[in-house]
Every structure is written in C-alpha cells, then in structure tokens.
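Participant: Take a look at the letters that make up each chain.
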Amino acid sequence: GAVVSQHPSWVICKSGTSVKIECRSLDFQATTMFWYRQFPKQSLMLMATSNEGSKATYEQGVEKDKFLINHASLTLSTLTVTSAHPEDSSFYICSAPGTSGSWDTQYFGPGTRLTVL
Amino acid sequence: RKEVEQDPGPFNVPEGATVAFNCTYSNSASQSFFWYRQDCRKEPKLLMSVYSSGNEDGRFTAQLNRASQYISLLIRDSKLSDSATYLCVVSDTGTASKLTFGTGTRLQVTL
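Just so you know, the protein sequences line up as chains A and B, in that order. Per our numbering, the very first residue in the first sequence carries number 1; after that it's consecutive. Per our numbering, the very first residue in the second sequence carries number 118; after that it's consecutive.
The set of hints was computed from the structure by calculation and includes no laboratory data. Only true hints are included.
Far from chain B, some chain A residues (derived; all Cβ distances over 10 Å):
| # | residue |
| --- | --- |
| 1 | P8 |
| 2 | C13 |
| 3 | E52 |
| 4 | A72 |
In silico DSS-like pairs for lysine-lysine, Cα to Cα no more than 27 Å straight-line:
| # | chain 1 | residue 1 | chain 2 | residue 2 |
| --- | --- | --- | --- | --- |
| 5 | B | K162 | B | K215 |
| 6 | A | K55 | A | K20 |
| 7 | B | K159 | A | K14 |
| 8 | A | K64 | B | K159 |
Chain B residues, not near chain A, derived (Cβ > 12 Å throughout):
| # | residue |
| --- | --- |
| 9 | F128 |
| 10 | G133 |
| 11 | S145 |
| 12 | A146 |
| 13 | G171 |
| 14 | E173 |
| 15 | G175 |
| 16 | T178 |
Think of the CB as a built atom: it goes at the ideal place given N, C-alpha and C, for glycine as much as any other residue.
The shape of chain A in the complex, shown without the other chains:
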C-alpha cells in the first residue's frame, strides 16, 4: 500500500526554538495532506489541511502564524512549529488520502514526537 514518511521521528528542543517536521508521500502524489496533533491520552485532533500550491486551511483555535505549513510539491508538506514552548510538546502526525479516490484510503505517517524543554 501507499507509504507516508515523517522526519524526524522524534525531536527535543529548547523553548523558543523552531522545529520543522516533514511529511512525504513516498510512492504517490498528494495534493492534500492533513496535520494532526495528539496529546497523551487524548484523541488525534486535526490541526490543518495542507494544500499543494495554495494556503493551508487551519482548524478553529490553531494559530496559523505559530504552525506554519508549506506544501510546495506533490509529495512533501512541512509543518514548522515556531517559537516552540513546552505546551507544544505533542505527537504530530500527518496523513494523505490515497490516489484511488476511495474514501477509506487515508495513509498516516509514523508520527513525530516533539518535546520542548
């Protein structure tokens, strides 16, 4: 099946620094990708929808200036957490719909665990 990769798989950074997370579709093209965040013992929450060649669509309550999304190619979307703080520590997961058009083919990346000290 289709594969989505994320890099890095985990990152520890100091408060105030920016962290970039990459999401790649390895064997298919993705005009749309989704970014989720999951805090411990909570559900995945959709943060934003990344659209190739256009601006991302952010969910209510997600600061677009803090979570910068760039979808410059059909296989790569990046999420940059700017000026990260400890409350941004979370598990960030991206996903991409498969190209078959079937509504149950959404492929998830392995996730990136961010810890902000």
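Keeping the supplied structure of chain A fixed, place chain B upon it in accordance with the hints.
Facilitator: Just chain B, lined up with the frame of chain A:
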C-alpha cells in the same frame, strides 16, 4: 459534547474472550465511519470501515446504526496481539477527507 465519544476503558480481557466497543457520534450528517487501531506511540492504522449493513473481517465485526448515531466493534477470540487502543473515526464527507477521532478505547488482552 464531544463529536465522537468512546468509553476510554481499559478493557482487560483474557485470551479467547469476546469484547465489544461502542461509540456515539454527534453529527447526524456524518457519512463515513471507521475503526482504527493505534498501538502505543505509533500512528493509527485502519482496521475496518463501517457500513450500515454491518461488515465482518475475520474476528472483527463492525455495526452502524445511523438512527441512533452509534457504531460498534466486536472482537471475537481475542489474541494478545489485539492489545491496543481502538479509535472510532467519523468523516462528514464521502471522501478520504477530514476525519474526527474519538479518544479511543484501550484493550488489554491477557494470558
């Protein structure tokens, strides 16, 4: 009220047991329904889609009741490897679009 509600568990069951998970969703316009499985510190993986007519995949059976906005998952003959968190997931479109996740139900299968 949460959009997708699940009993967080944990459900502790012995190997071979049958266990059932329930889920309710608040948006009556929801069109697509899924069960995902998530292992600790891993990404969610699609277990099965859920259809109004009910569907079965080996030891797993999923049911959807649109009138009650209720989804269920039944696992028969539980295996140790079934231990995971089971996520009820709903989409308000008919495409692989925005998914709304429940908080999940933790299952621990023991010897």
